[in-house]
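**Student:** Sequence:
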Amino acid sequence: MVHFFVSVDEGQKNIISQQVIKIVEEICTFSEIYEAITEGVFGVCNVRVYVGKEDGKWNNLREGLYDDISLMSELELKYIRFIVHTEENNIVQQNQQFERNAFDIMMEHSHKPYFPSIKREDTQRDVLYNDVIALLKENQKNGWRVD
Numbered sequence: 218m219v220h221f222f223v224s225v226d227e228g229q230k231n232i233i234s235q236q237v238i239k240i241v242e243e244i245c246t247f248s249e250i251y252e253a254i255t256e257g258v259f260g261v262c263n264v265r266v267y268v269g270k271e272d273g274k275w276n277n278l279r280e281g282l283y284d285d286i287s288l289m290s291e292l293e294l295k296y297i298r299f300i301v302h303t304e305e306n307n308i309v310q311q312n313q314q315f316e317r318n319a320f321d322i323m324m325e326h327s328h329k330p331y332f333p334s335i336k337r338e339d340t341q342r343d344v345l346y347n348d349v350i351a352l353l354k355e356n357q358k359n360g361w362r363v364d
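Counting in my numbering, the final residue of the sequence shown is number 364, and the numbers go up one at a time with none missing.
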């Protein structure tokens, strides 16, 4: 029989604060511990498992809930943290990834050349000016060439 410190978080919010639980030999996976501590309130979808020691460094388990609990005694670990990722958290993270900020917009426009507006053609000089601007715009569409 072994004792572990277990907590459950949802994103950054602590749902079940750290508790000391006793593990009997019949329990062999993290999934069984998770079901016991959450009492089936949360599903097993999108749950990450982290284990650690007293130093506060957490290690993510690749197998997650399906990993064997025996690794805790092998590595002398005492702390287990389950982090539930809800669909709302995933949507917020996706929106933050696609949100454009001022820096992104400035960098996007820095790659686009700015051409002055064309002038009203009162003189031949204005006609020539407009033709040069149109020529530069046309050449820029195909990319600038360096010969």
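A portion of the hints provided could be inaccurate.
Beta-carbon label-pair distances, calculated as ranges [said to hold, decoys possible]:
1. W275 <-> F320: 13 to 21 Å
2. E280 <-> F332: 55 to 63 Å
3. D321 <-> L352: 48 to 56 Å
For lysine to any residue, the following SDA-like pairs were computed, each having C-alpha atoms within a straight-line distance of at most 25 Å [said to hold, decoys possible]:
4. K270 <-> A253
5. K230 <-> S287
6. K329 <-> Y346
7. K295 <-> K336
8. K239 <-> V264
Derived by calculation from the structure, the hints in this document are not laboratory data.
Just so you know, these numbers come straight off a predicted model, no measurement behind them.
C-beta: ideal position from N, C-alpha, C; glycine also.
**Student:** For each hint, tell me whether it holds in the structure or not.
**Tutor:** Status of each hint after checking the structure:
Distance hint check for W275 and F320: the Cβ-Cβ separation is about 31 Å, which falls outside the suggested range of 13 to 21 Å. Distance hint for E280 and F332: a CB-CB separation of about 58 Å, consistent with the stated range 55 to 63 Å. For D321 paired with L352, a C-beta distance near 31 Å fails the hint of 48 to 56 Å. With a C-alpha separation of about 22 Å, the suggested pairing of K270 with A253 holds against the 25 Å cut-off.
With a C-alpha separation of about 28 Å, the suggested pairing of K230 with S287 is violated against the 25 Å cut-off. With a C-alpha separation of about 21 Å, the suggested pair K329 and Y346 falls inside the 25 Å cut-off, and the hint holds. Proximity of K295 to K336 is assessed by CA-CA distance (about 76 Å); at most 25 Å being required, the pair is judged violated. Among the hinted pairs, K239 with V264 is consistent with the structure: their alpha-carbon atoms are about 21 Å apart, no more than 25 Å.
The earlier numbered hints that this structure contradicts are 1, 3, 5 and 7.
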